[in-house]
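Undergrad: Sequence:
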Amino acid sequence: MTSLGFDFTPDVRPLAARMRPTSLEHYVGQSHILSKGSVLYRAIESGRCHSLILWGPPGVGKTTLAEIIANYADAELIKLSAVSAGIKEVREA
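What the sequence shown shows, in the UniProt record's numbering, is residues 1 to 93, in sequence order.
The set of hints was computed from the structure by calculation and includes no laboratory data.
Where is the CB? At the ideal position from N, CA and C, for every residue including glycine.
Hints are supplied without guarantee of correctness; some may be wrong.
As the list claims (entries may be wrong) - As a list, the in silico DSS-like pairs of lysine-lysine whose alpha-carbon atoms are at most 25 Å apart: (1) K62 - K36; (2) K62 - K79; (3) K62 - K88.
What the hints assert, rightly or not - For each label pair, taking beta carbons as the anchor points, the in silico distance ranges come out as: (4) H50 - D7: 37 to 45 Å; (5) I33 - P58: 17 to 25 Å; (6) V39 - D11: 34 to 42 Å.
With the hints as constraints, model all of the structure from the sequences given.
TA: Below you can see the structure in the form of structure tokens.
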């Protein structure tokens, strides 16, 4: 799209998605397990974070942390809600 001679592509994602942290340095909270030098922090930085269950109420950063881990590990993230998924969906994932 061109406006006043400048090319730009509008980002139509919700504000929360655009502002979501993409690195451990920008992730806020959970300092008791994610402080620099902690076991989990080192595992994520090295890209060797294996199985992990993230549990908690909505809005605390579970999905954001999962995306950061996948980014560091250069891995595909498959999002699955335990509320709406059954065994069939888990097996297909």
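Undergrad: Decide, hint by hint, whether the structure agrees.
TA: Hint check results:
no.: 1; hint: K62 - K36; in the structure: holds, 19 Å
no.: 2; hint: K62 - K79; in the structure: holds, 11 Å
no.: 3; hint: K62 - K88; in the structure: holds, 23 Å
no.: 4; hint: H50 - D7: 37 to 45 Å; in the structure: holds, 43 Å
no.: 5; hint: I33 - P58: 17 to 25 Å; in the structure: holds, 20 Å
no.: 6; hint: V39 - D11: 34 to 42 Å; in the structure: holds, 36 Å
No hint from the list above goes unmet by this structure.
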